[in-house]
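Number of protein chains: 4
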Amino acid sequence: MLVVMKNNATEAQVKAVIKEIEGMGYRGVPMPGAQRTAICIVGNTGPVDDSGLMILEGVKETVRVTKQYKLVSRETHPQPTTITVGDINIGAGKPVLMAGPCAVESEEQALTIARRVKKSGAEIFRGGAFKPRTSPFSFQGLERDALKMLAKVKSDLGIPVITEVVDIQNIGLIAKHADILQVGARNMQNFALLKELSKLRHPILLKRGLSATVTEWLTAADYLLAEGNRRIILCERGIRTFEDSIRFSVDISSIAVVKHFSHLPIIVDPSHAAGHFAYVPSISKAAIAAGADGLLIEVHPNPQEALIDGLQSLNIPNFERLMAELRPIAEAVGRYI
Amino acid sequence: MLVVMKNNATEAQVKAVIKEIEGMGYRGVPMPGAQRTAICIVGNTGPVDDSGLMILEGVKETVRVTKQYKLVSRETHPQPTTITVGDINIGAGKPVLMAGPCAVESEEQALTIARRVKKSGAEIFRGGAFKPRTSPFSFQGLERDALKMLAKVKSDLGIPVITEVVDIQNIGLIAKHADILQVGARNMQNFALLKELSKLRHPILLKRGLSATVTEWLTAADYLLAEGNRRIILCERGIRTFEDSIRFSVDISSIAVVKHFSHLPIIVDPSHAAGHFAYVPSISKAAIAAGADGLLIEVHPNPQEALIDGLQSLNIPNFERLMAELRPIAEAVGRYI
Amino acid sequence: MLVVMKNNATEAQVKAVIKEIEGMGYRGVPMPGAQRTAICIVGNTGPVDDSGLMILEGVKETVRVTKQYKLVSRETHPQPTTITVGDINIGAGKPVLMAGPCAVESEEQALTIARRVKKSGAEIFRGGAFKPRTSPFSFQGLERDALKMLAKVKSDLGIPVITEVVDIQNIGLIAKHADILQVGARNMQNFALLKELSKLRHPILLKRGLSATVTEWLTAADYLLAEGNRRIILCERGIRTFEDSIRFSVDISSIAVVKHFSHLPIIVDPSHAAGHFAYVPSISKAAIAAGADGLLIEVHPNPQEALIDGLQSLNIPNFERLMAELRPIAEAVGRYI
Amino acid sequence: MLVVMKNNATEAQVKAVIKEIEGMGYRGVPMPGAQRTAICIVGNTGPVDDSGLMILEGVKETVRVTKQYKLVSRETHPQPTTITVGDINIGAGKPVLMAGPCAVESEEQALTIARRVKKSGAEIFRGGAFKPRTSPFSFQGLERDALKMLAKVKSDLGIPVITEVVDIQNIGLIAKHADILQVGARNMQNFALLKELSKLRHPILLKRGLSATVTEWLTAADYLLAEGNRRIILCERGIRTFEDSIRFSVDISSIAVVKHFSHLPIIVDPSHAAGHFAYVPSISKAAIAAGADGLLIEVHPNPQEALIDGLQSLNIPNFERLMAELRPIAEAVGRYI
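Protein sequence lines correspond, in order, to chains R, C, B and G.
The numbering of the first sequence is the numbering used here, which starts it at 47 and goes up by one.
The numbering of the second sequence is the numbering used here, which starts it at 47 and goes up by one.
The numbering of the third sequence is the numbering used here, which starts it at 47 and goes up by one.
The numbering of the fourth sequence is the numbering used here, which starts it at 47 and goes up by one.
Relax, there's no trap hidden among the hints.
The calculated lysine-lysine pairs, modelled on DSSO-like cross-linking and capped at a C-alpha distance of 27 Å, are: (1) K52/G x K113/R; (2) K222/C x K164/C; (3) K116/B x K52/C; (4) K241/B x K222/B; (5) K61/C x K113/B; (6) K113/G x K65/G; (7) K52/C x K106/B; (8) K241/C x K194/R; (9) K52/B x K113/C; (10) K116/C x K52/B; (11) K65/B x K52/B; (12) K106/R x K65/R; (13) K116/R x K245/R; (14) K245/C x K200/C; (15) K164/C x K140/C; (16) K52/G x K116/R; (17) K241/B x K245/G; (18) K113/G x K61/R; (19) K241/B x K222/G; (20) K113/R x K113/G; (21) K106/C x K113/B; (22) K106/B x K116/C; (23) K106/G x K113/R; (24) K241/G x K241/B; (25) K245/C x K241/R; (26) K194/B x K241/B; (27) K222/C x K241/R; (28) K194/C x K241/R; (29) K52/R x K116/G; (30) K106/C x K52/B; (31) K116/B x K106/C.
Taking beta-carbon pairs under 8 Å as the criterion, some of the chain C residues facing chain G (in silico): (32) T259; (33) V296; (34) D297; (35) A332.
Which residues of chain G face chain B? A few of them, derived with a C-beta cut under 10 Å, are: (36) D95; (37) M100; (38) I101; (39) Q186; (40) L239.
In case anyone wonders, no lab produced these hints; they're calculated from the structure.
Cβ coordinates follow ideal geometry from the N, Cα and C atoms, glycine included.
Isolated chain R (complex conformation) (with noise of 0.2 Å):
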């Protein structure tokens, strides 16, 4: 850490500063400059907190070095992670498909799109049980009996399952069900919630928060990691921005970035940024092409007929074509579905 005195901080201001930061155990080296003086902080091992330094008299404002996340970097782990759920490898090169309905609506309904998904070439079925809506008067999910329709999924068709954990009560019982549990966007800091997720060693898909920093995003994810869980999962799901023509605009960049900075396997949910069927291709081929791990994309038989979301859910042919045009450009990024 730096800290940056006013230009016209006064010597013993700056001695003042070097003995507050030996007094927190470190070194402070003065560093003159042609408009002001710099103090280094030296000797540190981990992040410094500089709420004692800020309130100095003529210092100007500290610069952090050092990002705040550290389990998930790949400072501290070089190699990227891969996740493997039963006999599929996330994160391994090979984008994992993972796509169903956005709630499960009904034994039926589930079992239907599993067994075209699957066909097409989704590795993993996705689903809602419970599900956190804006709205209280809004639908909710079918909750514990969604979990079992699930369950006669995986069964049946041999396929892996991931469903949304939205309260601690219940991670148990989901756990119990899916093979892979995700934390939705508005719970990305549920701090109390993803501290009993890390005790679990199940696999964890992460959202990112609606305005969540990618640095905000990996730290988080440090929570999850921090217990002992290393089956973490990052998904790209769109951020908050100004533009109103799609309801959020996803960060492409973000597989760049988080690639750069963690080891974790980052994937991208195309079907909530977009908000409509019509734009979910485009951007799915964009996320592979830029080098996500998978995709996690809503499907359902009828859209006009789902109770959440229809609109942003692709049916069945044209997830099908999807599956066709996404294969070549995996190829071409040097991957294969």
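Fit chains C, B and G to the supplied structure of chain R, relying on the hints for placement.
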């Protein structure tokens, strides 16, 4: 709701939309325009789910005429709501000052600050017991011990206390010690938590999510009212924008907008927004002049030694000066501190 | 347009609105709903100015049914527009690569880069002559001299050139030397400049303003078409968001959205968006996979010696590698570089 | 400036960076830390161009210690600047009210409004002659005729006038008639225009760009000061955020931030920000309480008949009431209207 057709939509497509609307139990009235036809949905008594319509051939978009929230709306409850805590009334004209440290650090610290801020005119003492922190490696609050210190402040000085609740497990414990329970910005859409809090009869202070629109914020407040709790206070604490000279941008217009659409009282937290004590007075004065029902301000006797967020805390002389400056502004807007 | 009345609007207020609409030369048809009445405006042939309506008693809001732009709309011109420059076609399927240095620094530099990028498959040479810079104390480009160097590149190598126009005074001069004139993001709504450019018949590349919605961008393009110029190319160059790991966030969905609503071709500038060469390849591949009609990429033989923006420039070997990687992606989406 | 090395940077890479710094004419002092080395640049007298450094092997990032702007900085000019127009002083304590219609529509309209707002306490008359409009098909102002009407207002009533300049061609014409020239938000970085205006000695009001940071805004103001004009007034007019209940979010903290870093006066335009007259009074009061040096408010005798932006204009009784409400707030913050 209005269903807007594409400008080349056929007669048959218009008819299919009307039929679909009738299947939903409403009436659809076509409105031919210069370039396109729009179809008005008539006969609904609540929000209409448009997912089945958006998907039909020839439909361009749907336009929602009514907001999603209900219970917090001024249309449901035209008079402003006043929340009474002991002999203090929030939302009744006189702005209410809530002040104290970001985190309770010791009984002595809590009592010292509480005595001083009470003397300066603060009516409610704030102090964090459970702290949601961005990184798992940061100080997370004194938790249970801090609650006892808050109880001591309350019994010794007779000042009500507010503290944050971060998970469902500790609701009962916190509700036993605190007069007002605070929901932090990162939990604004932690619906599981909101549902539990709605069963209480304690006042709840709901901070705005850092990227929530006013509409989403009011819709989240509907969760708190849904199970019968009527004692809800909103708290603007700054939104995430591109501006980087402060931590969050206070949306000053949200005060007028909330008062226009909702009956709930609204206060402002300038400390977390600014992130720097130097900007707290200017924002505080603006908030009171704009019509806010109160302020939530961080105060620490020695900000440079605070365990969390010292930089944004006013020291006691600065708080006293601010209180003196706020009084004539409150009077100027017809209110009295 | 739809005029939505408040839910307690009186019969008389509804009538007053209808009378006002008739005064504007249209018809107003009331649509009574469950909670409120809406009034549909019928008979207009263009956008309606709602300012006189919004102000009337009892009016809650107006809802615009038609977008503000006209000439760029696919509804006006259903087939995609192709821009021909020499024997290059932009918007005709094959993505067009425009590459070169941020600023032209010398004839030798320009010729060297142009030779290399042309050899690698770039079809248009980019080079800044007049540079808009955030600070008045920064290097502003070689101006008139740079234009001569661009002319030399063109005549020696037979490659068309694109350069930025920053004010009206120099339009004539630049139009004499350049094949395509570029309008920078900060000038997207410099309407005086757009009006003059619309009188030319040169192709104009219009960069998206850094906080312009797609709708505002297309409406600004209407200025370029208004005086008869039909050769307009759009360029997505990233939008301002809260994310701080890159300079601007490429709005990857804008490609599909623009193609949905407009007939104009759209290319992507990954260099200015990323601000760092390491992220340029990932974003470039995403853009081509998403359906962009081309890329505008900064290339410099010695990025560390560039006078401006060296950090975001690819060096020549990196550009050659990127070209090789883009080719199979373009083929995978049915296009050929 | 600080150059931060990667944590695996070699000794040789550190040396290469120091050599590069020396080649730039400065000194580089290495600061070994716990995880990485940082190199401090010493000896520069102005901003350092880091592009040559960022590109070197082993460099992680550079950290700028000094802001990019100079002439507007309080470090250059510690005392606040006062702008005198006739016998009115802007930035001298008493807030200055500028009021009038969005667009001048007729001599009678201009004179009527000017008489009324002057009587209520406004000291400067605003009125648009040249209007920058989002769409080429919208009303663009009465231009030259409007300037004559402004001149008439000035000569008849003795009130100074402010109007917007949208291109270089008309600077001379406008400067002949107007006392203050306004640069609109969309032209904040129209550097060609700023350079010309810097040659004048008229006061210039520079509106903040809708997505400009305070730093970028102040750096743009440096262009206005660069050629010798010292009479610059800043105007906060709301920034683009995700919030959709108003048109732009007033960044209320920008008042304190600008006053902290710059010597220039700052006023607020609540009308364009709010986009709705109902929110103008609340924002106006907030601005004065926060310390703004004035307000720019739209007033129209019959807002429902205004040719542009009627919705955001106060009618005359509402303006009179607001003036009466602002007075005690100004006094409460030690200023007098």
